[in-house]
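Asks: One letter stands for each residue in the lines below.
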Amino acid sequence: MTGDNVTDSNSLWMSGNEAIAMGAYEAGVKVASGYPGTPSTEIMENLSKYEGVYTEWAPNEKVGLEVAIGASFAGVRAFATMKHVGVNVAADPLFTASYTGVRGGLVVITADDPEMHSSQNEQDNRNYAYAAKLPMLEPSDPAEAKELLKDAFDLSEKFDTPVLFRITTRVAHVKGVLSKGGMRKSTATRGIEKAPAKIVMLPGNARNRRKVVEERMAQLREVAESDAFSKVEKGDTKRGFITGGVSYLYVKEAFPEASVLKLGMSWPLPENKIKEFAASVDELYIVEELDPFLEHHIKAMGVECHGKDLIPNQGELNTSIVRSSIDPDFVPELFAPVELPMRPPNMCAGCPHRGVFFNLSKMKDVFVSGDIGCYTLGFLPPLSAMDSCVCMGASVTIAHGMAKALGDEGKGKIVSVIGDSTFIHSGINGLINSVYNDSKTVLIILDNRITAMTGQQNNPASGCNIKGEAANAINLEELCKAVGVKHVEVVNPHDINGCKTALKNALELDEFAVVISRAPCVLIPEMKKAEFVPYGTTTENCTGCTACIKLGCPAISWTSMTPEEAVAKGYKEKQKGFAVINEVQCNGCGQCAVLCKFEAINRKGE
Amino acid sequence: MATTGNILFSGVGGQGILLASEVTAYALLSAGYDAKKSEVHGMAQRGGSVTAQLRYGDKVYSPLIEPGKADILISFEMMEAARYLPYLHAKSKVIVNTQQIKPPAVAMGLVPYPEDVLDSIRSQGIQVVTVDAFDIAREAGEVKAANVVMVGAMSAFLPMDAEVYENIINTRIPERFREVNLKAFAAGRKITT
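Residue numbers (this note's numbering), protein chains in the order written: chain A, -8 to 597; chain B, 16 to 208.
FYI, nobody ran anything at the bench for these hints, they're computed from the structure.
Incorrect hints may appear among the rest.
Claimed, not checked - Here are the computed lysine to any residue pairs in the SDA-like style, where the Cα-Cα straight-line distance is at most 25 Å:
hint, chain 1, residue 1, chain 2, residue 2
1, A, 567, B, 131
2, A, 560, B, 126
3, B, 108, A, 567
4, A, 567, B, 123
To be verified - Calculated from the model, a selection of chain A residues having no Cβ within reach of chain B, i.e. all distances over 12 Å:
hint, residue
5, 187
6, 267
7, 476
As the list claims (entries may be wrong) - Short, incomplete list of chain A residues facing chain B, as computed with Cβ under 7 Å:
hint, residue
8, 244
9, 303
10, 306
11, 319
12, 323
13, 329
14, 331
15, 337
Fair warning: this is a prediction, and the values are worked out from it, not measured in the lab.
The beta carbon of each residue, even a glycine, is placed where N, CA and C say it ideally should be.
Starting from the given sequences, assemble the full structure and let the hints guide the process.
Replies: Right, here's the structure in full:
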């Protein structure tokens, strides 16, 4: 599809993330840095297409935020994007940037993922605003996101503060109608300005800034009262709702007649307006996804209200949940679900990770310390070859900790598996620790040249920058050697047997070893364009051994047979079925052909 | 219209659901409706069940369709139609591509692909239209246009003329694919009109 305009050039159809990118452009952002993470990724991808904005993929969120802080110190509007768990990584600079304040406006996107559509936890990052003493704005839909983001930059400069801007999956990945808007201008001047008392955060200066932070929050509480950031929609006064973000939309549909106080600023809160609103309605309900964040602070004001006593504190809300939580008599009559085989996500046909996990699946006494990326799918059957997964970069370090705890018992049994992008994100620190503290573990780096799970973003090992232009590529094996790893072997994961030998050799060493599994992701454009000959099955040669089926490749499927059918087809009576390759789905990796001992799998035409 | 119309797209990652939902959304917008569409990205896309939820009306608030409120279910895979039965009501229209894509447990031979899977919908008295979208698209000249065949079949249940969709195809789809998509759309629409 081309073009976003709906009927005229001023009416656009955009996702929340596209709208935020446009909002950043219209706000006059000059420098933007981020790390990909669902549901935030498309913001930076889209912003990179605008003229006059420097954008980059950073190796991790802490780096991205620090780059943005630097740009702000140089007097331009700066922007950092990340998913909710990314803020944990960036929390260190975030908390102190609250003290230094800004020169150019600085806005940090936290893209939260209630329901964990594509995340390992569903933390509620509104808590960060409270903890870091920062204002937080929260839009409900794409149109509001674009305009509110521009206000966030103005607010940042006016009150000398970074601003947190929280979106959730149902804002980021929702499309809606919006219009182009006016451009805003920074009030800051670009240039070097030395202000040590403000931005050199050693204790003496920090203590002074600490006071400034409190003064600023007091001023922001006043701002929160303005209609720009909190609005009363008067309706029926029997029920009043205080809500914000996407929850506001569910309230509007579930209780269209009710009075609503919509908060565009989630922190600090407009205490006067809240108390006034509470007094104007018979029953007050706080509708928010995840934590009782608003509810706790509103109750602390001495206001009586309903909240998590009625509304779930886990997962996403929707109109039905909001309606039935508050009106228990409302029970929708629904058709019962049909019992069907699940359709979980799977590694693609031809995915290089499969070769490594297939080998690991055969090593039953080995503990596989996993990490975050497409390869986390190595956990699923039939490979079932991942035994832990906690957070970005934790594979290396958790493996090291286990090995230290187990001593000789763990020898040759502890492996960590991490993708190239995740390794660069925060695996390198673990690598250095493993070398320094003499880890007896094997680290497998799955180098597919791309940040795959979030949609094929370039990373420091890809050789391209965010715009696809040539960039310096980090050489992973030289990096490992440079920090002191003696045994570094690069293997092609599609060569199942070679991969097996490399893993066995590494596990037999009494030292920290690195195996780099290198083959490109099948989804990167070069691979999609590449000419290849798919594999096919000579089904009469298939003995039903299921060696290929155990790869779990989506291009290979099993056809069951009864003994009679087997005989009729010329197979042995006891053969229970045969494997067939879907040649349209096959990406020609050849892993299955290596495993087939019966000449039943060959390249087409061979 | 006073109420909001709800269209649920379902299928498997890679089937062209996104483009189908975009063509439909643009058609609704150009007919003057407000609309919102919710999609799922990231982990869920890797060969898993995929949905797009499209809502339209005078003013749309929530981007999510409530269970029991989908007026149209357009499914690109048979089992993925049955999976969303709780989203349907008695008067829902269901348009299903007859394609079957085996989920992992079926591909591995652990469980069979459910037989007569659409009966679970039909037995509730819900109208189900099956579309051999691949064959029709192949006849139109491009198997990849199966998703536009499906949009064509669904379009008869929406309050817009064929021209509205044709205009979207003509203005928003790259020129080299236009002809085949127009044919695919017309062939799909013929099934239901």
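Asks: If a hint holds in the structure, say so; if it doesn't, say that too.
Replies: Hints and how they fare:
{"no.": "1", "hint": "A:567 to B:131", "verdict": "holds (24 Å)"}
{"no.": "2", "hint": "A:560 to B:126", "verdict": "holds (22 Å)"}
{"no.": "3", "hint": "B:108 to A:567", "verdict": "violated (40 Å)"}
{"no.": "4", "hint": "A:567 to B:123", "verdict": "holds (12 Å)"}
{"no.": "5", "hint": "187", "verdict": "holds (43 Å)"}
{"no.": "6", "hint": "267", "verdict": "holds (25 Å)"}
{"no.": "7", "hint": "476", "verdict": "holds (31 Å)"}
{"no.": "8", "hint": "244", "verdict": "holds (5 Å)"}
{"no.": "9", "hint": "303", "verdict": "violated (15 Å)"}
{"no.": "10", "hint": "306", "verdict": "violated (12 Å)"}
{"no.": "11", "hint": "319", "verdict": "violated (17 Å)"}
{"no.": "12", "hint": "323", "verdict": "holds (5 Å)"}
{"no.": "13", "hint": "329", "verdict": "holds (4 Å)"}
{"no.": "14", "hint": "331", "verdict": "holds (6 Å)"}
{"no.": "15", "hint": "337", "verdict": "holds (4 Å)"}
Against the hints set out earlier in the document, violations occur for numbers 3, 9, 10, 11.
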